[in-house]
Amino acid sequence: MKKHAIVIVGGGPAGMAAAVAAYDRGVTDVVILDREPRLGGILQQCIHNGFGLHKLGRELTGPEYADVYAQQVAERNIPVFYETMVTSVSPDRVVTARNREGILKIQAEAVILAMGCRERSRGALNICGTRPAGIYSAGTAQKLINCDGYMVGKRVVILGSGDIGLIMARRMSLEGAKVEAVCELMSYSGGLTRNIVQCLEDFGIPLYLSTTVVQIHGQKRLEGVTVAQVDENRRPIEGTSRFIPCDTLLLSVGLIPENELTQVCGIPMDPVTGGAMVDERCMTKVSGIFACGNVLHVHDLVDYVSDEAERAGKGAADFVREGKASEGAYLQTKAGKGVRYVVPQQLRKDTGDVDLFMRVTQPFGKVKFTVTAGDKVLAVAKRLKAAPGEMERITLKQALLQDAEGTVTVELEEL
Amino acid sequence: MIYDVIIVGAGVIGAMAARELSKYQLKVCLLEKENDVACGASKANSGIIHGGYDPEPGTLKAKMNTEGIELLYEAAKELHVPHKNNGSLVLAFSEKEDETVRALYERSLINGIAGLSVISGDRARELEPNLSDKVTSALLVPNAGIICPYALTIAAVGNAMDNGVELKRNFAVAAIEKAAQGYTVSSADGQSVTGKFVLNCAGGYSDKVAAMVGDDGYTIVPRAGEYLLLDKTEGSRVSYTIFQVPSEEGKGILVSPTADGNLLTGPTAAKVATPDSREITAEGIEQVQRLAAKSVPSVNFRQVITSFTGVRSSGTTGDFIMEPSKKAPGVVHLVAIESPGLTCCVAIARYAVELLQGQGLSLEAKAAWDGTREDTHAFRDMSDEEKDAFIQKNPDYGRIVCRCEQISEGEIRDAIRRNPQARDMDGVKRRTRSGMGRCQGGFCGPYVMRLIAEELGIPMEQVTKNGGDSRMVTERIGE
Amino acid sequence: MERKITCIICPRGCPMTAVIEGDSVKVSGHSCPKGEEYAINECTNPVRTVTATVRVDNRRDVMVSVKTENPVPKGSMADVMAQLRKITVQAPIHIGDVVLEDVFGTKIVATKEIL
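Protein chains in written order, with the numbering used here: chain A, 4 to 418; chain B, 1440 to 1918; chain C, 20 to 134.
Calculated directly from the structure, the hints in this document are not laboratory data.
Where a beta carbon is used, it is the ideal one built from N, C-alpha and C, also for glycine.
Check the hints yourself; a few may be wrong.
[As the list claims (entries may be wrong)] Not close to chain C: a few residues of chain A, all C-beta gaps over 10 angstroms, as computed:
1. ARG197
2. VAL217
3. LYS337
4. LYS388
[What the hints assert, rightly or not] Quick list of in silico lysine-lysine cross-link-like pairs, DSSO-like style, CA-CA up to 27 angstroms:
5. LYS93/C x LYS105/C
6. LYS1805/B x LYS223/A
7. LYS1617/B x LYS1635/B
8. LYS157/A x LYS108/A
9. LYS1617/B x LYS223/A
10. LYS126/C x LYS388/A
11. LYS1635/B x LYS1832/B
12. LYS369/A x LYS105/C
13. LYS53/C x LYS385/A
14. LYS108/A x LYS1671/B
15. LYS53/C x LYS388/A
16. LYS157/A x LYS45/C
17. LYS317/A x LYS340/A
18. LYS5/A x LYS1647/B
19. LYS45/C x LYS181/A
20. LYS223/A x LYS1647/B
21. LYS181/A x LYS105/C
22. LYS1635/B x LYS288/A
23. LYS53/C x LYS371/A
24. LYS340/A x LYS352/A
25. LYS181/A x LYS23/C
26. LYS6/A x LYS157/A
27. LYS53/C x LYS157/A
28. LYS108/A x LYS1710/B
29. LYS23/C x LYS388/A
30. LYS1607/B x LYS1805/B
31. LYS1671/B x LYS1607/B
32. LYS1607/B x LYS223/A
33. LYS1635/B x LYS6/A
34. LYS1826/B x LYS6/A
35. LYS369/A x LYS93/C
36. LYS1832/B x LYS1671/B
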């Protein structure tokens, strides 16, 4: 069996940033295993711009952002196993993978899980009607169009107003398709305002809120969909349905962290994020196994993925050098009123300032976040606006944290 | 070229008949209207090997079921089709239903089936801890099992082809006319084949095919059944196949593990317009969830990975109709093969061969016949060491294409190369399970499309989901 | 003339109103100077970065992603696409390589490396 200090599962933005950070922290025996023939993960198909503003101070496309990190990996001569699929990770950190050369087994001192996420396919399931060709998840269509060079259709309805769906509305319009409508089940869009303006309004594409697809028509290829408005319980309202002819239905109904390896390994999961429960350095509850990026929780900006992955890389490097760190002095975190989840789920209080990441439960106007532990306030943060689509970050200062006791709870009140 | 036998329809019955006929020195042609085999009732059904207690004594269904069980287990082994003899339980929820359970037991004895027993509700819950508290008694059916119906059909056709049977796809029979020798069978788009004998295995369209030779007395009443298939995480919710006794609400919804390790719930029963009316309805989904929960309240329907509808080829007599044509000598009809048709498929195929023999077909055994088919899932079941050695020789098996089911490029290429070749996305999916997992083909779809285009030597624009106009992409960008 | 504009500068997404009279644009509803500037630009000279793909001639089914080096007038996006559809490129190609010169005052550059 081969041995490496740190094995990173996945060479997307999270895996690359984690590898570089671990290396720069002094642990140079790092390897990346990736299922694709090149680094970058899903960024390679995200050819639109808007990446890197926070992290790199300039606006890049997805492949360009990936290239910045791929170069850093190359400069450090970090080995990458391409077209290599990890099939299992054991709790004692044996990573099993498969590629054209055979079955690969590596004993690692630390493992960083960075498998990313996948699109929810469930959107199509409860739709009545037939199952013809022409129904794609938005990301699959994005791959076919942007990497392989094939149009998936000419007349399109998009279900779900997540960012990938919005980006694809623009992309298909630019390639000459007619995007008839974007339908959103909720009463608000989960996408960034910027994308609603530049991907829909620029092209005159209507966004129908509180609207869903209730029937799929067509035997061999999609011939149209019936859409209807929904009530507050998301049930179709009688008399509001109408038929939209189309040959393509794109589903952009959410992303799910891809955690099959994590679950088989027996790593405790957070049912709300769909990712592992981690501490402030991104270590899961299985010692020596870390998780970062979209496999941990779905991020809205890749810049934040890179930040998180750097914490995981540093954490893993420190773990390798210092051996098992003390795990006794953990504080648990908790999502209070108005907050859907908080990452990390637990934190050590003596390691410096700690950033908490969270999402709110619904769109709010002006809000105040309060972080408390017991009866002590650890931090307060005000925002002019908060929405489920935008991740919030609040920093807890070491000075306040070190004496904290009890559960760290984040809640918000609308001002 | 004149065939000895033309089989119309490559569902499980046509497939098994082809395999049965391939044992003899005969030129056999199997016609299928779709782009692949197993595209009708054989692709979407419960996949159950029924224990034989249900058919009315004295019927063909009863005879075929009693004979068919062991024959099917045997064929499944020879063809390496995923199956399991997991047994079934038929649940009663009231005193009245307790009586039905006892009646079914009595009927099993009349049908010549041994080994069944009536057990108490408590005993049933011991065997199957997730059953409802309300179960009052149950029929325990140890000989029942589960089998993947389309894998069986594909394997039987493949084995028949390996033994010389010819498969013609996209051949929708439109006319059968008397020829100098036998019959000329033709399609609306100008294809035709001639054969001395014709075996009608056209499933949902068997009445229409019979009418082409003047036998217009059959009527198929297509009845749709909707199913919900759940993730493998729910696959061990039950180990037996759980039925309910027939009640006012219909024949009952089953809850069963599948041969591939998922959990299956369904089917509903609703008359539909045509055998191709495979729509999902809101009422159907609701009914399946409600009635499945009656048997096994803890089924987690949030783990549903797909819903599908199958259409039964039911007749009007309640029994299978298997007989020579009244008008056209040499033509044999197999009509109204509904449940338990899958269980009976080998027995029916043998019965059909006897009927053809009765019409004058002479049968001389082939010396070189081989009834076994290589295990297409062998790689999946290997240990890491065996896999490693296999990949050294076949590197394509090292490249995983379908993440969810861990299917490699090698397995997909094999599916496109071996009899009967997969020619479309659904064909690859049914043979390899690629795209059947949680992501439903989101990641592997584009990759599989490329492999199909490459192996078949066609442009990407011609790759289809399931033949005809079901193209996956519409045009190349930049041209 | 009056125009409703949603600000995209920050997540707040202020609903702004721009009143256009001749050469002057008066903005209301904004919360910061950046928003006002964005609204004025949207009314006088709206620009967008176009990102798309170009087929790589000597690689099977491979596209190289490209972008306009600087934003182009919003109304010219369809024209930019039409020009891109007509061309192909040869691998190897590197990030920043110019794919097409002189497109509405800027260049089209590759955003992906194809070896």
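Each hint, compared with the structure:
At roughly 4 angstroms, the least C-beta separation between ARG197/A and chain C is not larger than 10 angstroms, which violates its mark as non-interface. With a cut of 10 angstroms on Cβ distances, VAL217/A stays outside the contact zone with chain C, its closest approach being about 29 angstroms. Every beta carbon of chain C lies more than 10 angstroms from that of LYS337/A, the smallest distance being close to 25 angstroms; the non-interface claim holds. At roughly 5 angstroms from the closest C-beta of chain C, the C-beta of LYS388/A falls inside 10 angstroms, breaking its exclusion from the interface.
The hinted pair formed by LYS93/C and LYS105/C meets the criterion: a straight-line CA distance of about 21 angstroms does not exceed 27 angstroms. Restraint check for LYS1805/B and LYS223/A: not satisfied, since their Cα atoms lie roughly 41 angstroms apart, outside the 27 angstroms limit. Restraint check for LYS1617/B and LYS1635/B: satisfied, since their Cα atoms lie roughly 10 angstroms apart, inside the 27 angstroms limit. For a cut-off of 27 angstroms, the pair hint linking LYS157/A to LYS108/A is broken: about 46 angstroms separates their Cα positions.
In summary, the hint linking LYS1617/B to LYS223/A is not supported, as the alpha carbons are separated by about 34 angstroms, beyond the 27 angstroms threshold. Taken as a hint, the LYS126/C and LYS388/A pair is broken in the structure, with Cα atoms around 38 angstroms apart against an allowance of 27 angstroms. Under the criterion of a C-alpha separation no larger than 27 angstroms, the hint pairing LYS1635/B with LYS1832/B is inconsistent with the structure, at around 46 angstroms. For the hint linking LYS369/A to LYS105/C, the alpha-carbon distance of about 50 angstroms lies beyond 27 angstroms, and the restraint is violated.
For a cut-off of 27 angstroms, the pair hint linking LYS53/C to LYS385/A stands: about 21 angstroms separates their Cα positions. For the hint pairing LYS108/A with LYS1671/B, the CA-to-CA distance comes to about 26 angstroms; that is within 27 angstroms, so the pair holds. A hinted pair counts as satisfied when its Cα atoms are at most 27 angstroms apart, and LYS53/C with LYS388/A qualifies at roughly 17 angstroms. Between LYS157/A and LYS45/C the alpha-carbon distance is near 40 angstroms, which puts this suggested pair outside the 27 angstroms criterion.
The straight-line distance between the Cα atoms of LYS317/A and LYS340/A is roughly 32 angstroms, outside the 27 angstroms bound, and the hint therefore fails. Using a Cα cut-off of 27 angstroms, the hinted pair LYS5/A and LYS1647/B is violated, with the two alpha carbons roughly 65 angstroms apart. Restraint check for LYS45/C and LYS181/A: the C-alpha separation of about 35 angstroms exceeds 27 angstroms, so the hint is violated. Restraint check for LYS223/A and LYS1647/B: the C-alpha separation of about 22 angstroms stays at or below 27 angstroms, so the hint holds.
Between the alpha carbons of LYS181/A and LYS105/C the distance comes to roughly 21 angstroms, so the proposed pair stays at or under 27 angstroms and holds. Annotation: proposed proximity of LYS1635/B to LYS288/A is violated, straight-line Cα distance about 71 angstroms (limit 27 angstroms). Of the supplied pair hints, the one linking LYS53/C and LYS371/A holds, its CA atoms being roughly 24 angstroms apart against a limit of 27 angstroms. Distance hint between LYS340/A and LYS352/A is fulfilled; the C-alpha atoms sit about 23 angstroms from each other, no more than 27 angstroms.
Proposed proximity of LYS181/A and LYS23/C is supported: the alpha carbons are some 25 angstroms apart, at most 27 angstroms. Only pairs whose Cα atoms come within 27 angstroms are accepted, and LYS6/A paired with LYS157/A is rejected, the gap being roughly 51 angstroms. Using a Cα cut-off of 27 angstroms, the hinted pair LYS53/C and LYS157/A is violated, with the two alpha carbons roughly 38 angstroms apart. Straight-line distance between C-alpha atoms of LYS108/A and LYS1710/B comes to about 55 angstroms, which puts the hinted pair past the 27 angstroms bound.
The suggested pairing of LYS23/C with LYS388/A holds, with an alpha-carbon distance near 20 angstroms, which does not exceed 27 angstroms. Taken as a hint, the LYS1607/B and LYS1805/B pair is honoured in the structure, with Cα atoms around 23 angstroms apart against an allowance of 27 angstroms. The hinted pair formed by LYS1671/B and LYS1607/B fails the criterion: a straight-line CA distance of about 35 angstroms is larger than 27 angstroms. Between LYS1607/B and LYS223/A, the direct Cα distance comes to roughly 20 angstroms. Compliance with the 27 angstroms bound is thereby established for this hinted pair.
Between the alpha carbons of LYS1635/B and LYS6/A the distance comes to roughly 68 angstroms, so the proposed pair goes past 27 angstroms and is violated. A hinted pair counts as satisfied when its Cα atoms are at most 27 angstroms apart, and LYS1826/B with LYS6/A qualifies at roughly 21 angstroms. A distance of roughly 33 angstroms separates the Cα atoms of LYS369/A and LYS93/C; the hinted pair therefore is violated under the 27 angstroms criterion. Restraint check for LYS1832/B and LYS1671/B: the C-alpha separation of about 31 angstroms exceeds 27 angstroms, so the hint is violated.
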